[in-house]
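**Student:** Spelled out, the chains give:
2 protein chains.
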Amino acid sequence: MPVDVAAWAEQIRSGDIRAVSRAITAVEAHDPHSEELLRTLFPDTGRAFVLGITGAPGTGKSTLVDRLAANYRKAGHQVGIIAVDPTSPYTGGAILGDRIRMQGHAGDAGIFIRSMATRGFLGGLARATGEVALVLDAAGKEFILVETVGVGQDEVDIVRLADCTLVLLVPGLGDDVQNMKAGLMEIADIFVLNKSEREGADRMEAELEAMLHLAPERAGWKPRIIRTVATENKGIGELAAAVEQYREQSRNDAAQRAKRLEHWKRRLLALAEEQFLRRIISGETGESLLDALAGEVAARKKDPYAAARELLTHAEKSWERK
Amino acid sequence: MPVDVAAWAEQIRSGDIRAVSRAITAVEAHDPHSEELLRTLFPDTGRAFVLGITGAPGTGKSTLVDRLAANYRKAGHQVGIIAVDPTSPYTGGAILGDRIRMQGHAGDAGIFIRSMATRGFLGGLARATGEVALVLDAAGKEFILVETVGVGQDEVDIVRLADCTLVLLVPGLGDDVQNMKAGLMEIADIFVLNKSEREGADRMEAELEAMLHLAPERAGWKPRIIRTVATENKGIGELAAAVEQYREQSRNDAAQRAKRLEHWKRRLLALAEEQFLRRIISGETGESLLDALAGEVAARKKDPYAAARELLTHAEKSWERK
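Heads up: the protein sequence lines correspond to chains A and B, in order. Here the first sequence stands for residues 55 to 376, where the numbers follow the numbering used here. Here the second sequence stands for residues 55 to 376, where the numbers follow the numbering used here.
Just so you know, these hints were derived from the structure itself, not from any lab. Keep in mind that a hint or two might mislead.
Claimed, not checked - Each computed BS3-like pair below joins lysine-lysine, with the alpha-carbon atoms no more than 30 angstroms apart:
| hint | chain 1 | residue 1 | chain 2 | residue 2 |
| --- | --- | --- | --- | --- |
| 1 | A | Lys356 | A | Lys371 |
| 2 | A | Lys371 | B | Lys356 |
| 3 | B | Lys355 | A | Lys319 |
| 4 | A | Lys288 | A | Lys128 |
| 5 | A | Lys356 | B | Lys319 |
| 6 | B | Lys319 | A | Lys319 |
| 7 | A | Lys276 | A | Lys313 |
| 8 | A | Lys319 | A | Lys276 |
| 9 | A | Lys313 | B | Lys356 |
| 10 | A | Lys371 | A | Lys355 |
| 11 | B | Lys319 | B | Lys371 |
| 12 | B | Lys276 | B | Lys128 |
| 13 | A | Lys276 | A | Lys288 |
| 14 | B | Lys313 | A | Lys355 |
| 15 | A | Lys371 | A | Lys319 |
| 16 | B | Lys288 | B | Lys276 |
| 17 | B | Lys371 | A | Lys319 |
| 18 | A | Lys356 | B | Lys371 |
| 19 | B | Lys276 | B | Lys319 |
| 20 | A | Lys371 | B | Lys319 |
| 21 | B | Lys355 | A | Lys356 |
| 22 | B | Lys355 | B | Lys371 |
| 23 | B | Lys356 | A | Lys319 |
| 24 | A | Lys355 | B | Lys319 |
| 25 | A | Lys313 | B | Lys355 |
| 26 | B | Lys128 | B | Lys288 |
| 27 | B | Lys371 | A | Lys371 |
What the hints assert, rightly or not - From the derived model, a few chain A residues whose C-beta atoms are all more than 10 angstroms from chain B:
| hint | residue |
| --- | --- |
| 28 | Val59 |
| 29 | His84 |
| 30 | Ser116 |
| 31 | Trp275 |
| 32 | Glu298 |
| 33 | Ala361 |
Quantities reported herein were computed from a predicted structural model and do not represent experimental measurements. Ideal Cβ positions, reconstructed from N, Cα and C, are used throughout, including at glycine.
Kindly generate the complete structure, drawing on both the sequences and the hints.
**Tutor:** Rendered as structure tokens:
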């Protein structure tokens with residue numbers, strides 16, 4: 055069946071939920087039409103504000119995201135949620151909870167929730183997440199909340215997509231501020247001290263403050279600390295206000311522009327890389343060449359650098375044939 | 055100063071610690087000589103047995119690795135340890151503990167310990183880890199223990215380097231077997247129930263057994279469960295025996311051969327990808343082209359797919375010039 059990409063894009067722009075769902079499925083599956091669709095939609099993107107929300111397991115990310123989304127909905131905004139679990143490379147088991155939780159918003163057309171975990175041989179989760187965000191952006195979602203588990207490089211790559219990054223902490227979870235992953239400290243625009251009714255919240259806030267004081271000066275925005283109890287909806291308004299303040303302040307600052315440029319540099323490299331890899335392993339020759347070379351290297355008959363160069367030469371030839 | 059790679063390789067083969075250290079530093083820094091060195095050493099590799107050790111923070115990985123290494127040393131084997139922290143993409147803060155711990159083996163020339171955390175724009179931690187393992191292999195280390203935090207895709211990629219993978223669990227750490235990351239379950243060859251003097255160890259072992267029973271049948275080796283108390287050196291001998299048993303049984307089996315082939319396919323693709331990326335951003339034109347394209351995309355003047363294609367065309371041209 056021929057796909058009318060222009061009509062599909064138009065449905066997405068009008069916010070048609072089924073068209074949006076279908077687009078996300080196409081993006082995830084690397085459907086041949088997804089690129090054309092994304093290219094068509096691209097000029098309509100760039101209006102949404104993307105929030106990255108990360109934190110260790112048990113910090114209450116899902117609940118916080120739910121409450122923040124509800125807050126934006128109440129203010130009349132369209133919201134998209136992307137729940138990403140980079141720790142589930144093989145199966146989607148760990149995000150079952152997210153799927154269940156989504157049912158709480160069932161029937162509200164102003165909120166769209168999607169959870170992602172799969173990751174193929176080609177292309178990463180960060181790419182797919184970024185493309186899903188583009189679809190939601192084109193569909194008129196004004197706030198896109200990207201939620202991910204706060205560990206590892208994948209998560210850092212995913213959070214880099216965001217305009218503003220929230221890092222969740224919980225008093226007494228064993229991860230005191232000193233042990234916090236350096237990567238997370240550096241990407242946080244706002245620290246959310248969730249479950250802040252718990253013992254140790256004051257001490258944790260003091261430690262965070264001290265650490266922020268010691269951290270190298272950042273141009274423009276100074277990271278803030280907001281206390282919340284997401285399960286009781288406490289502090290959510292303050293958090294939304296802090297996000298708004300960040301947005302206002304960073305709208306025109308050089309640091310934010312540099313961040314966006316860096317963001318697109320990474321994404322372009324990743325896209326080029328992916329197109330390149332697809333060329334290498336495309337067709338029978340590519341796949342069987344890779345198999346043969348891997349066998350020779352495993353048997354120490356060829357070194358891996360020479361083998362990699364043969365793969366490059368193969369890609370080059372497939373270019374010349376075009 | 056001209057570098058005599060052949061002499062350097064010879065020093066490494068003879069186990070010279072300073073030459074090995076220098077090689078690892080060169081590999082990590084992507085020093086121009088590192089590739090030639092690795093190519094020279096490659097035929098001397100493939101003899102070491104690589105053990106991947108992973109588990110959530112707090113499972114006692116470092117202690118277990120220390121004790122297992124001591125066990126191998128006592129049996130007269132040369133040992134290399136690579137401690138990788140993929141959650142520290144920016145600074146090496148989190149692995150300071152590892153660096154301190156290494157001093158316990160100071161003075162033993164039969165053990166070499168290196169900790170890694172940095173990850174550059176080009177190439178990943180998995181590549182660097184694999185290359186460091188090659189250096190240690192060529193230097194005559196018979197067992198190479200690669201220790202990494204058990205979360206995220208990076209860690210799975212790193213553990214994939216190993217011939218045999220140990221996954222550490224601890225009773226009552228909040229991560230019961232049901233919640234265990236699917237990815238980790240599937241890569242484990244041996245489950246190590248560490249801190250097994252704790253309450254809940256029996257229940258956890260029973261749960262693991264049940265889960266292994268439900269898991270899809272694996273050809274050849276059936277994953278085993280070994281109980282240890284690493285801090286008291288308990289169960290370490292049993293663990294080493296299980297590893298040996300795995301090694302014997304899998305030496306000629308088809309599953310292990312397929313695993314090695316898959317391993318090299320991934321590594322070759324990653325190497326080709328890296329060489330390709332280096333071509334894209336090499337020289338002034340590449341870097342400034344990337345900057346310009348990212349700027350146009352951020353301003354929505356060009357879509358990312360068209361921009362990525364321009365990058366590919368640039369790489370293609372840089373090929374033709376060769």
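**Student:** Are there hints from earlier that the structure breaks, and if so, what are their numbers?
**Tutor:** Violated: hints 21, 33.
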